[in-house]
Amino acid sequence: MLNTILGSLSSGVTVSASSYESIATVTVGSGGSASVSFTSIPADYTHLQVRGILRSTRALSQAGVLFRLNSDTGSNYSFHALLGNGSGAFANGSANQTYINMGELPAGSASSGIFGAFVIDILDYKDTNKYKTVRLLTGQDRNGAGEISFLSGNWRNTNAITSITIKEDISNMAEYSSFALYGIKGA
Amino acid sequence: MTSTYEMIAKTTLGSAQATVSFSTISGSYTDLVLISNVDVTSAGASINIRFNSDTGSNYSYTTMYGNGTSALSTRGSNVTSSYIAGFVAPNTAIETVIITNIQNYSNTTTNKTFLSRANRASANNSPGAEALVGLWRNTAAITSITLAADSGNIDTGSTFTLYGIKAE
Numbered sequence: 001m002l003n004t005i006l007g008s009l010s011s012g013v014t015v016s017a018s019s020y021e022s023i024a025t026v027t028v029g030s031g032g033s034a035s036v037s038f039t040s041i042p043a044d045y046t047h048l049q050v051r052g053i054l055r056s057t058r059a060l061s062q063a064g065v066l067f068r069l070n071s072d073t074g075s076n077y078s079f080h081a082l083l084g085n086g087s088g089a090f091a092n093g094s095a096n097q098t099y100i101n102m103g104e105l106p107a108g109s110a111s112s113g114i115f116g117a118f119v120i121d122i123l124d125y126k127d128t129n130k131y132k133t134v135r136l137l138t139g140q141d142r143n144g145a146g147e148i149s150f151l152s153g154n155w156r157n158t159n160a161i162t163s164i165t166i167k168e169d170i171s172n173m174a175e176y177s178s179f180a181l182y183g184i185k186g187a
Numbered sequence: 001m002t003s004t005y006e007m008i009a010k011t012t013l014g015s016a017q018a019t020v021s022f023s024t025i026s027g028s029y030t031d032l033v034l035i036s037n038v039d040v041t042s043a044g045a046s047i048n049i050r051f052n053s054d055t056g057s058n059y060s061y062t063t064m065y066g067n068g069t070s071a072l073s074t075r076g077s078n079v080t081s082s083y084i085a086g087f088v089a090p091n092t093a094i095e096t097v098i099i100t101n102i103q104n105y106s107n108t109t110t111n112k113t114f115l116s117r118a119n120r121a122s123a124n125n126s127p128g129a130e131a132l133v134g135l136w137r138n139t140a141a142i143t144s145i146t147l148a149a150d151s152g153n154i155d156t157g158s159t160f161t162l163y164g165i166k167a168e
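As given, the protein sequences belong to chains R and U, one line each in that order. Take the first sequence: its letters are residues 1 to 187, numbered as in the numbering used here. Take the second sequence: its letters are residues 1 to 168, numbered as in the numbering used here.
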């Protein structure tokens with residue numbers, strides 16, 4: 001394989017393949033897990049990307065999932081979303097929240113084997129002069145139902161991001177849910 | 001830590017073709033990313049995707065798009081292939097850029113969900129920005145991808161590049 005090639009992230013950002021590195025991966029085991037965390041994230045990169053698949057165990061067809069940065073549970077987050085549910089397109093947003101919304105993903109009442117997918121881009125994650133802005137592309141299709149969401153989120157904190165926690169809102173994430181954290185180096 | 005974003009294959013069409021395929025995809029990666037820069041020979045055609053040559057009614061999708069005036073959302077259920085982009089232009093000067101993320105493509109436990117974003121600037125009001133989620137109801141590892149226009153052909157000069165992303 002090539003050592004240096006030009007690719008394009010989900011965001012459309014052009015990137016040299018040699019600067020895109022795997023940092024850590026978590027796959028939820030049997031019994032599920034309420035949350036997944038990446039901790040001690042090194043400051044070796046310019047941007048971060050989290051990719052994966054996810055399903056909730058909650059007894060609904062779909063359920064909300066959220067994430068936090070540096071374990072901050074204060075009301076320091078805001079987010080906006082464009083979403084389509086197959087019938088219409090909508091926008092929503094919320095300020096002074098204790099998390100960033102990841103949208104709705106398949107849950108326990110959905111047909112077995114159906115997982116949602118997501119890509120989270122966290123830009124300039126170690127820049128201590130800026131609040132942190134993230135963007136997410138999240139989707140789930142359940143063959144006749146589902147939702148595609150394009151979201152932005154803001155964490156009003158200038159600290160470098162050293163941890164990311166993804167959490168099912170009130171229940172667990174199902175077995176086989178998988179999360180991979182990547183770092184993207186700058187020039 | 002190692003570089004994990006690798007090009008697997010690239011195709012540039014020298015002539016209009018009904019389909020474009022990537023076959024014998026190895027299971028060495030965690031995700032696939034397919035970048036398509038495409039136009040079609042039939043106005044308003046969509047670009048559709050199939051996996052492992054499955055022509056059964058095992059696909060579905062939910063899409064959201066903006067056409068310069070309105071934001072809309074539609075879906076397809078129990079279809080024989082899934083959109084990855086709709087309303088592609090028959091104009092080599094106005095390519096549609098499509099980025100398709102196929103997550104956890106090689107696991108044999110889950111159905112396969114993929115995310116697509118398509119963008120096109122156009123002189124008319126056809127959809128210019130689109131986000132889509134698709135589902136293939138099959139737990140097999142994806143070993144081949146076939147793309148086709150739902151009418152006419154994929155046009156000369158269209159490019160398709162398949163990347164693999166490997167998680168450690």
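I should point out that these hints are in silico values taken from the structure, not numbers from a laboratory. Every residue gets a Cβ at the ideal spot worked out from N, C-alpha and C, and that includes glycine. Hints may be right or wrong, so weigh each one.
Claimed, not checked - Straight-line distance between alpha carbons at most 35 Å, and here's what the computed DSBU-like set of lysine-lysine pairs gives:
1. K167(R) - K166(U)
2. K166(U) - K126(R)
3. K185(R) - K130(R)
4. K10(U) - K185(R)
5. K130(R) - K10(U)
6. K130(R) - K167(R)
7. K185(R) - K167(R)
8. K166(U) - K130(R)
9. K126(R) - K185(R)
10. K167(R) - K126(R)
11. K166(U) - K10(U)
Unchecked claim - Selected chain U positions facing chain R (in silico; Cβ < 7 Å):
12. K10
13. L13
14. F22
15. S57
Hints, one by one, checked against the model:
no.: 1; hint: K167(R) - K166(U); in the structure: 24 Å, holds
no.: 2; hint: K166(U) - K126(R); in the structure: 24 Å, holds
no.: 3; hint: K185(R) - K130(R); in the structure: 18 Å, holds
no.: 4; hint: K10(U) - K185(R); in the structure: 24 Å, holds
no.: 5; hint: K130(R) - K10(U); in the structure: 38 Å, violated
no.: 6; hint: K130(R) - K167(R); in the structure: 25 Å, holds
no.: 7; hint: K185(R) - K167(R); in the structure: 27 Å, holds
no.: 8; hint: K166(U) - K130(R); in the structure: 30 Å, holds
no.: 9; hint: K126(R) - K185(R); in the structure: 12 Å, holds
no.: 10; hint: K167(R) - K126(R); in the structure: 22 Å, holds
no.: 11; hint: K166(U) - K10(U); in the structure: 18 Å, holds
no.: 12; hint: K10; in the structure: 10 Å, violated
no.: 13; hint: L13; in the structure: 19 Å, violated
no.: 14; hint: F22; in the structure: 15 Å, violated
no.: 15; hint: S57; in the structure: 10 Å, violated
Against the hints set out earlier in the document, violations occur for numbers 5, 12, 13, 14 and 15.
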